[in-house]
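J.: The hints should help you fit chains B, C and D onto chain A, whose structure is shown.
Number of protein chains: 4
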Amino acid sequence: ADVQSSADTRQIAINKVGIKAIRHPVKVLDKSGGIQHTIAVFNMYVGLPHNFKGTHMSRFVEILNTEEREISVESFPAMLRHMVDRLEAETGHIEMNFPFFINKAAPVSGVQSLMDYDVTLIGDIRDGEIEATLRVVVPVTSLCPCSKKISERGAHNQRSHVTVTLCADDHVWIEEIVDLVESEASCELFGLLKRPDEKYVTERAYDNPKFVEDMVRDVAARLNADPRIRRYTVESENFESIHNHSAYALIEKTPD
Amino acid sequence: ADVQSSADTRQIAINKVGIKAIRHPVKVLDKSGGIQHTIAVFNMYVGLPHNFKGTHMSRFVEILNTEEREISVESFPAMLRHMVDRLEAETGHIEMNFPFFINKAAPVSGVQSLMDYDVTLIGDIRDGEIEATLRVVVPVTSLCPCSKKISERGAHNQRSHVTVTLCADDHVWIEEIVDLVESEASCELFGLLKRPDEKYVTERAYDNPKFVEDMVRDVAARLNADPRIRRYTVESENFESIHNHSAYALIEKTPD
Amino acid sequence: ADVQSSADTRQIAINKVGIKAIRHPVKVLDKSGGIQHTIAVFNMYVGLPHNFKGTHMSRFVEILNTEEREISVESFPAMLRHMVDRLEAETGHIEMNFPFFINKAAPVSGVQSLMDYDVTLIGDIRDGEIEATLRVVVPVTSLCPCSKKISERGAHNQRSHVTVTLCADDHVWIEEIVDLVESEASCELFGLLKRPDEKYVTERAYDNPKFVEDMVRDVAARLNADPRIRRYTVESENFESIHNHSAYALIEKTPD
Amino acid sequence: ADVQSSADTRQIAINKVGIKAIRHPVKVLDKSGGIQHTIAVFNMYVGLPHNFKGTHMSRFVEILNTEEREISVESFPAMLRHMVDRLEAETGHIEMNFPFFINKAAPVSGVQSLMDYDVTLIGDIRDGEIEATLRVVVPVTSLCPCSKKISERGAHNQRSHVTVTLCADDHVWIEEIVDLVESEASCELFGLLKRPDEKYVTERAYDNPKFVEDMVRDVAARLNADPRIRRYTVESENFESIHNHSAYALIEKTPD
Numbered sequence: 002a003d004v005q006s007s008a009d010t011r012q013i014a015i016n017k018v019g020i021k022a023i024r025h026p027v028k029v030l031d032k033s034g035g036i037q038h039t040i041a042v043f044n045m046y047v048g049l050p051h052n053f054k055g056t057h058m059s060r061f062v063e064i065l066n067t068e069e070r071e072i073s074v075e076s077f078p079a080m081l082r083h084m085v086d087r088l089e090a091e092t093g094h095i096e097m098n099f100p101f102f103i104n105k106a107a108p109v110s111g112v113q114s115l116m117d118y119d120v121t122l123i124g125d126i127r128d129g130e131i132e133a134t135l136r137v138v139v140p141v142t143s144l145c146p147c148s149k150k151i152s153e154r155g156a157h158n159q160r161s162h163v164t165v166t167l168c169a170d171d172h173v174w175i176e177e178i179v180d181l182v183e184s185e186a187s188c189e190l191f192g193l194l195k196r197p198d199e200k201y202v203t204e205r206a207y208d209n210p211k212f213v214e215d216m217v218r219d220v221a222a223r224l225n226a227d228p229r230i231r232r233y234t235v236e237s238e239n240f241e242s243i244h245n246h247s248a249y250a251l252i253e254k255t256p257d
Numbered sequence: 002a003d004v005q006s007s008a009d010t011r012q013i014a015i016n017k018v019g020i021k022a023i024r025h026p027v028k029v030l031d032k033s034g035g036i037q038h039t040i041a042v043f044n045m046y047v048g049l050p051h052n053f054k055g056t057h058m059s060r061f062v063e064i065l066n067t068e069e070r071e072i073s074v075e076s077f078p079a080m081l082r083h084m085v086d087r088l089e090a091e092t093g094h095i096e097m098n099f100p101f102f103i104n105k106a107a108p109v110s111g112v113q114s115l116m117d118y119d120v121t122l123i124g125d126i127r128d129g130e131i132e133a134t135l136r137v138v139v140p141v142t143s144l145c146p147c148s149k150k151i152s153e154r155g156a157h158n159q160r161s162h163v164t165v166t167l168c169a170d171d172h173v174w175i176e177e178i179v180d181l182v183e184s185e186a187s188c189e190l191f192g193l194l195k196r197p198d199e200k201y202v203t204e205r206a207y208d209n210p211k212f213v214e215d216m217v218r219d220v221a222a223r224l225n226a227d228p229r230i231r232r233y234t235v236e237s238e239n240f241e242s243i244h245n246h247s248a249y250a251l252i253e254k255t256p257d
Numbered sequence: 002a003d004v005q006s007s008a009d010t011r012q013i014a015i016n017k018v019g020i021k022a023i024r025h026p027v028k029v030l031d032k033s034g035g036i037q038h039t040i041a042v043f044n045m046y047v048g049l050p051h052n053f054k055g056t057h058m059s060r061f062v063e064i065l066n067t068e069e070r071e072i073s074v075e076s077f078p079a080m081l082r083h084m085v086d087r088l089e090a091e092t093g094h095i096e097m098n099f100p101f102f103i104n105k106a107a108p109v110s111g112v113q114s115l116m117d118y119d120v121t122l123i124g125d126i127r128d129g130e131i132e133a134t135l136r137v138v139v140p141v142t143s144l145c146p147c148s149k150k151i152s153e154r155g156a157h158n159q160r161s162h163v164t165v166t167l168c169a170d171d172h173v174w175i176e177e178i179v180d181l182v183e184s185e186a187s188c189e190l191f192g193l194l195k196r197p198d199e200k201y202v203t204e205r206a207y208d209n210p211k212f213v214e215d216m217v218r219d220v221a222a223r224l225n226a227d228p229r230i231r232r233y234t235v236e237s238e239n240f241e242s243i244h245n246h247s248a249y250a251l252i253e254k255t256p257d
Numbered sequence: 002a003d004v005q006s007s008a009d010t011r012q013i014a015i016n017k018v019g020i021k022a023i024r025h026p027v028k029v030l031d032k033s034g035g036i037q038h039t040i041a042v043f044n045m046y047v048g049l050p051h052n053f054k055g056t057h058m059s060r061f062v063e064i065l066n067t068e069e070r071e072i073s074v075e076s077f078p079a080m081l082r083h084m085v086d087r088l089e090a091e092t093g094h095i096e097m098n099f100p101f102f103i104n105k106a107a108p109v110s111g112v113q114s115l116m117d118y119d120v121t122l123i124g125d126i127r128d129g130e131i132e133a134t135l136r137v138v139v140p141v142t143s144l145c146p147c148s149k150k151i152s153e154r155g156a157h158n159q160r161s162h163v164t165v166t167l168c169a170d171d172h173v174w175i176e177e178i179v180d181l182v183e184s185e186a187s188c189e190l191f192g193l194l195k196r197p198d199e200k201y202v203t204e205r206a207y208d209n210p211k212f213v214e215d216m217v218r219d220v221a222a223r224l225n226a227d228p229r230i231r232r233y234t235v236e237s238e239n240f241e242s243i244h245n246h247s248a249y250a251l252i253e254k255t256p257d
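Residue numbers (my numbering), protein chains in the order written: chain A, 2 to 257; chain B, 2 to 257; chain C, 2 to 257; chain D, 2 to 257.
Among these hints, one or two may not hold up.
As the list makes no split between identical chains, a pair holds if one copy fits it or if it spans any two.
[To be verified] Calculated lysine to aspartate or glutamate pairs in the DMTMM-like style (CA-CA distance at most 20 angstroms, straight line):
#1 K105 / E183
#2 K150 / D198
#3 K28 / E71
#4 K54 / E253
#5 K200 / E63
It is worth saying that the hints were derived from the structure and are not from the lab.
From a predicted model like this one, the values you see are computed outputs, not experimental measurements.
Chain A with its partners taken away, still in its complex shape:
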């Protein structure tokens, strides 16, 4: 018999056991209706009751490889159910992290280019109930209100990473979170900017200064106003252009 299936007498259950940091091709359905091919890094775990010595690591990898070559993000809930079935577990957890692209038009010239965003889907299953979490990292420009106010000319600005992690009662598109964050930043980023676009984004950021505190509050206010969203965390890390460290803020909202 398997070593893994033998009894265990230590009386200690394991919260999560499985495989970590395995890459696999995936495909994601766009809000625009297109199919996006990308590469995900998966973590896949199950809970292991105290009386089992070990789990079956190869079954996790089988789940990734039973589907057609590219795993469909839409099959994420089915994958979670399949995993706990196959591993005979009561709880399961899958994370998949992948770059996601949005085709954006520059603000004045309208020239199009792709922008990349880091997205993580996290699924937890317990007694057949699934809770899905979406995390999106949106890189933006932040411009410092204090620097602008006290200086006769110019204002320091920098790239910032705004990370939204949310749990919703209804479907939320990745693109919706990106749009929400970009509209609250000093300015959004673009892959390709022509001269009049560069003028536009420079002035737009200068006219729209935000502290790291403003960034997370303004995103939080928008998330608060969305009835679909049950809980969230919003973080901003500003890679300060005048320091060799970051400014950082975080707001967490949990259901009452």
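T.: Below, chains B, C and D without anything else, positioned relative to chain A:
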């Protein structure tokens, strides 16, 4: 007046705001009584009530630079209190992550060499009460029991990272956690091994196979037996030598 | 007129100027004839003569976005020519780094699973002449001959990264380099292994011990025997399972 | 006898073999005369003639551990000679990478704080001759001249990494390279800035716009003017605040 000190009407408090990823020299007191000089990366945050527009970022950096050049790890609680005072906050959070060295004797030859460990101290202060968390990453050898059992010769083994994160009611030395984890691994690591030492560690690991599940359970059992430890998480990530991904397990114990 | 196009009087030419670390979807033609969708990180540079003040950064991004959404790896030489044309440069350099997948059958059970490899294409163009460089990182198992010889049982082994960087006079498939390296390792890696496969890879590695020196020499000998290959570097980094550091070796062959 | 010392018949010499990514405490002498304690990551390699099967990995680690606990950077040449002696090699190569701190005074208020810089020392020895290379990464502010010129207000700016790698005929202090680069940037960075300092650095950067091309040229011009410096590479990577990618430039000067 400061832009930061003006009133805010969005009615949204900020859980954490401050500086992230700033490096500073520190010194740590050894269990052996020596002083260890090392370099830490700090994250320092306070809670910001809803009615304040912003915090004062420069004060965080002042706290790092008011002491003598090297910050003493022993002054960590004082630093937390100083931070919430200086920032007029009710809650505060500091993380400091640094490499820590232990001088180890090889198991047979006794030759000595340093081994490095990643350590993080995390302090939370709320209404004057401090909760301190210690995290230690201990790299070890793991050897697979299944591979050993089914194979006529050899067994796959690899480097693993065992991470213990704990909250205790009394002082716990970094060296105690390292010792505890190393004694439960298939074998501990050394910087320097002579020929008879290499024979020893090879056979020791072969005689002491552990699944990732065993590793976290055996460490958990030891932590359960220590009355000082109130809650903990123990994780193991095995960088499998036969796969291009990791095996992973986690046990979390929270107070009842 | 553009600031970039104005004259420069410092009399210093710039070897490389352009964009770094931009992600874009790509597609790669398999040796098996299939199309593989993946995500690449690009660095794109041109040489700038001393008398020009600056290059046109937006044109690099345009080149990535003029094609259909996914850039074809086969169009790499055309991209290089297009870049130097568009930027009016005499020299150009493009690097594209992407994960590449190979569907492998386990050695006994034959179960199939994908393995991922890091691949970088590097192209240099000078006066219309292109030199293409291929870099493939192949993760393998290495098992220590010394540990095996001196120990009564077992032998330490670990994951290693073998990196081959080569310049060839004729087309070389990524899959050829992967096969070559995997056949010279103590054992190759697989995503999915069933019990009899795990027995096989354990014994195969034990029967086939290799020092880091052997690994690079045996790969070098194979590359020496391939008349297509003009120059190469082969490196191996073994993430030692008995130490917290790596063993490393490198052989470089340049044309006489 | 050692497996490593047996004869090898493959007729392939190894350019570099040794240990990689090992951490050890070090101390560095300041230009100001102080001693700085820090942590270095070492790579240590020797050349291996074709007729030797392997090197002695443990001897590299012994070299790190024979000195007092902290290795002195000043002993770098002695360490190189000791390594090739101990390993009976004709060529050797050591890299040590460490964070280095400089106490800086803010430009207006004069408040002091530490800034961290990544430094790498590289030493090559061949037939008893040592060539030492110094690499310093200096983080600075860059402000875009084009953005400033075309915009009615503001200008995008960001953190940039300027990396200087040089070989000199005479001693060059780390602090000299830091000073040189910082004086050529749009503005230098500081750990701690009070309000009048923030006004100063904002206006200083605005008044001193630099393309990535200007940054490397202006640093190169200064290095050209220093008779001690035999060859160098200067690179700048600007983490653009308006894009999700970097602008990059490199100038290399080799002796005629």
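J.: For each hint, tell me whether it holds in the structure or not.
T.: Hint-by-hint comparison with the structure:
1. K105 / E183: within (12 angstroms within a copy, 36 angstroms between copies)
2. K150 / D198: between (25 angstroms within a copy, 13 angstroms between copies)
3. K28 / E71: Both, since 6 angstroms and 14 angstroms are each at most 20 angstroms.
4. K54 / E253: between (37 angstroms within a copy, 17 angstroms between copies)
5. K200 / E63: Between copies only: 18 angstroms across chains, 52 angstroms inside a chain, cut-off 20 angstroms.
Every hint from the earlier list agrees with this structure, and none is contradicted.
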